[in-house]
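> Protein chains in written order, with this note's numbering: chain A, 1 to 218; chain B, 1001 to 1218; chain C, 2001 to 2218; chain D, 3001 to 3218.
Since the hints were derived computationally from the structure, they do not count as laboratory data.
Just so you know, not all the hints are guaranteed correct.
As the list claims (entries may be wrong) - Taking beta-carbon pairs under 7 Å as the criterion, some of the chain D residues facing chain A (in silico): (1) Ile3088; (2) Gly3143; (3) Ala3213; (4) Gly3215; (5) Ala3216.
Beta carbons: idealized from backbone N, C-alpha and C, even for Gly.
There are 4 protein chains.
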Amino acid sequence: MKTVLLTGFEPFNKEPINPAWETVRALDGWQGGAGDEAFRVVARQLPCVFGAANAAMSALLDEVRPVLVIAVGQAGGRVDLTVERVAINVDDAPIKDNAEQQLVDAPIVPGGPAAYFSTLPIKAVVAALRAAGLPASVSQTAGTFVCNHVFYGLMHALADRAGVRGGFIHIPYLPEQAARHPGMASMSLAQMIEGLRIAVQTSLAVSRDTSVAAGATH
Amino acid sequence: MKTVLLTGFEPFNKEPINPAWETVRALDGWQGGAGDEAFRVVARQLPCVFGAANAAMSALLDEVRPVLVIAVGQAGGRVDLTVERVAINVDDAPIKDNAEQQLVDAPIVPGGPAAYFSTLPIKAVVAALRAAGLPASVSQTAGTFVCNHVFYGLMHALADRAGVRGGFIHIPYLPEQAARHPGMASMSLAQMIEGLRIAVQTSLAVSRDTSVAAGATH
Amino acid sequence: MKTVLLTGFEPFNKEPINPAWETVRALDGWQGGAGDEAFRVVARQLPCVFGAANAAMSALLDEVRPVLVIAVGQAGGRVDLTVERVAINVDDAPIKDNAEQQLVDAPIVPGGPAAYFSTLPIKAVVAALRAAGLPASVSQTAGTFVCNHVFYGLMHALADRAGVRGGFIHIPYLPEQAARHPGMASMSLAQMIEGLRIAVQTSLAVSRDTSVAAGATH
Amino acid sequence: MKTVLLTGFEPFNKEPINPAWETVRALDGWQGGAGDEAFRVVARQLPCVFGAANAAMSALLDEVRPVLVIAVGQAGGRVDLTVERVAINVDDAPIKDNAEQQLVDAPIVPGGPAAYFSTLPIKAVVAALRAAGLPASVSQTAGTFVCNHVFYGLMHALADRAGVRGGFIHIPYLPEQAARHPGMASMSLAQMIEGLRIAVQTSLAVSRDTSVAAGATH
Chain A
1 MKTVLLTGFE
11 PFNKEPINPA
21 WETVRALDGW
31 QGGAGDEAFR
41 VVARQLPCVF
51 GAANAAMSAL
61 LDEVRPVLVI
71 AVGQAGGRVD
81 LTVERVAINV
91 DDAPIKDNAE
101 QQLVDAPIVP
111 GGPAAYFSTL
121 PIKAVVAALR
131 AAGLPASVSQ
141 TAGTFVCNHV
151 FYGLMHALAD
161 RAGVRGGFIH
171 IPYLPEQAAR
181 HPGMASMSLA
191 QMIEGLRIAV
201 QTSLAVSRDT
211 SVAAGATH
Chain B
1001 MKTVLLTGFE
1011 PFNKEPINPA
1021 WETVRALDGW
1031 QGGAGDEAFR
1041 VVARQLPCVF
1051 GAANAAMSAL
1061 LDEVRPVLVI
1071 AVGQAGGRVD
1081 LTVERVAINV
1091 DDAPIKDNAE
1101 QQLVDAPIVP
1111 GGPAAYFSTL
1121 PIKAVVAALR
1131 AAGLPASVSQ
1141 TAGTFVCNHV
1151 FYGLMHALAD
1161 RAGVRGGFIH
1171 IPYLPEQAAR
1181 HPGMASMSLA
1191 QMIEGLRIAV
1201 QTSLAVSRDT
1211 SVAAGATH
Chain C
2001 MKTVLLTGFE
2011 PFNKEPINPA
2021 WETVRALDGW
2031 QGGAGDEAFR
2041 VVARQLPCVF
2051 GAANAAMSAL
2061 LDEVRPVLVI
2071 AVGQAGGRVD
2081 LTVERVAINV
2091 DDAPIKDNAE
2101 QQLVDAPIVP
2111 GGPAAYFSTL
2121 PIKAVVAALR
2131 AAGLPASVSQ
2141 TAGTFVCNHV
2151 FYGLMHALAD
2161 RAGVRGGFIH
2171 IPYLPEQAAR
2181 HPGMASMSLA
2191 QMIEGLRIAV
2201 QTSLAVSRDT
2211 SVAAGATH
Chain D
3001 MKTVLLTGFE
3011 PFNKEPINPA
3021 WETVRALDGW
3031 QGGAGDEAFR
3041 VVARQLPCVF
3051 GAANAAMSAL
3061 LDEVRPVLVI
3071 AVGQAGGRVD
3081 LTVERVAINV
3091 DDAPIKDNAE
3101 QQLVDAPIVP
3111 GGPAAYFSTL
3121 PIKAVVAALR
3131 AAGLPASVSQ
3141 TAGTFVCNHV
3151 FYGLMHALAD
3161 RAGVRGGFIH
3171 IPYLPEQAAR
3181 HPGMASMSLA
3191 QMIEGLRIAV
3201 QTSLAVSRDT
3211 SVAAGATH
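Isolated chain A (complex conformation) (with noise of 0.2 Å):
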């Protein structure tokens, strides 16, 4: 049976809670598929930390072996389900990380490539979400906080393990957060949950993406 691995981080910035550990951890042990295709699903909290959500991330990869990874975080303020396209390999926070770092304009790797991009099919993920009725979209910036670290380190690690695939989705607020932050756009748990679902088929299941538009001009 394939194992998928879901990660999400611990709450940061403040907040008593991360919609994205929230998500991932209701989706732990989730079975599914039939046959040749079926998988389980393996759910694990990062540290909100620069290096150490990158070590714990290189550990649950030799740890689970997974063929599948999708690492999940809050983007507070976004809209919808956005899937990224691309990490860089820079950190510059704008707020301290759970250790009281802010590390700025740092490499991840050091001498490492500049960016890699998903392996996920992004765009056939995201026509599956708005399919069943769920805001989504492509994402051309996954930030330069710890999301982009771990996207990051997630894809510097896959480098070398051929087959498996990773990317990273970012996700709202949740609706209690959204109320204690006017302005604020926000998305129910059992939505997110459904989405995750939806991106853990999907990425299973196509193998090559589908070709359409979904950039931005600037």
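Starting from the known structure of chain A, fit chains B, C and D onto it as the hints suggest.
Just chains B, C and D now, with coordinates in the frame of chain A:
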């Protein structure tokens, strides 16, 4: 038993569905409270048509004899449940209504007051919604389309009916709508329904609104 | 010779400068028109203080005897010159005014009308601004802070003065302010001044506003 | 004397004008500095066409032999001068280019690195712009259209040219454009020109970028 009237519009602006109608229809027949506080909800659909919508509202007030009326409308692009503060006496339509009318700078009630304030306890409703984990805020404008038209028409009609409270709540797109409008926020139907329940209960329970700032500098 | 009164506020909310005052002071003494249409501009500063601002406005109306009054205020975050449609009879301050007052849900004029509409030709002003290459739009809310307070107070005072037109225009941050508020839009002082010139000339020249849609669905 | 190359695009997306070209053409022939620091600016227009734009850029590098290249592009909707951090190796066009091409998920340089970072001192440039009262920020994405295409192509070409710095700056709509796009921010041409002057001078003067946070959580 007290009667509460909730109204929602038919779909407009090429949408196949209107979250306002979906929300209030789910509450039709809902009964709550006990003893003197017992209430029953009647939910009705209004046409998204200048004039006809207010004629329908007037007929409903006579038929239903409510003690409380909350009109609900779709505000595509807003991120939360917005409790409207004020209705103004002007129709200025950026799009056509469902009867292909596009009124410009026409008074809703010729000779009527320039505006009416909501008689709902708007601050208490917002506080109760947030306390329940639902994103909500006070809005300083209901626009100048059919929503404001009905809000104004309702408050004008209630000016003659002592003791009947009324107001207007705008709600975001449903997720399935936002899935077709990338970049737009959404809220789940379940949360909108829960929000309306809270708005009804709070409006029945709170006689004098709480005094907390919820204004805008501009 | 006709007199036009322009007012701008002193700085507030910790800003060292107020674009509204910078703009109108640049037009103090400006003379235009010819023959019966000749006019002269008087520009005055108002305190950003509930009550005191309207007292100052009243005194100015007696002193200056204008045929036209345009009050101007800063709307940090707005992207263009916004010609306000309506003033509402409520103070609900999200921040303190310059006298440390934070009024909540207080009527501006107890017993006064719920609102007053601008008597400027707001559609014609917006059209003239755009024709001159200046970003502009009609706004459906002037907020509930001192700007709306002065707008309402002005229109209440003018209700007794036949033939005197009045209204309110909100303007964006100046570039040097936006340079300290990342993510906020701005407009150059030269363009704000040019915009106010056009607003004055159009308001003097156009007796009956043009009928073009400039409303909002919500 | 050192040569600085500035490029701006021809108009695209049905606009009659492109602020990038208007800005850089105004600086063509500008000379500054003294002695060893003397420089002269050459400004050239690029077609808004995938492929052709980069061919033109390559030819310009050979012809002009610059020590510094800043490509400038229109970012309609952005509020400030945005100094781009990174170019990614993908074309994914949301609209057609001026040759009616709409590339989807095509590499700009097949086999090329996934991304290149700007070699401008981007933090120092933003700081200098703000110090001059001009709204500016670091941007984490240049999009996936012709702007990013040229930015990537430029950095790929400069990878072989030791000592030549390059980068990309996005600029807002001009006011006359925003006047036709209600809701969009703008900046005056004079300020864009002043901003580019500062970007050139700072890029020539600052060898090592300042270390200040300018990242994004997402």
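> Give a verdict on every hint.
How the hints compare with the structure:
Nearest Cβ of chain A to the Cβ of D:Ile3088: about 5 Å, under the 7 Å cut. The hint holds. With 7 Å as the threshold, the beta carbon of D:Gly3143 comes within range of chain A, its nearest partner Cβ sitting at about 4 Å, so the hint holds. At a threshold of 7 Å, the smallest CB-CB gap from D:Ala3213 to chain A is about 5 Å, leaving the interface hint in force. The interface hint given for D:Gly3215 is met, as the beta carbon of that residue sits about 3 Å from the closest beta carbon of chain A, less than 7 Å.
For the restraint placing D:Ala3216 at the interface with chain A, the shortest Cβ-Cβ distance is roughly 4 Å, inside the 7 Å limit, so the hint holds.
In the structure shown, no violation is registered for any of the earlier numbered hints.
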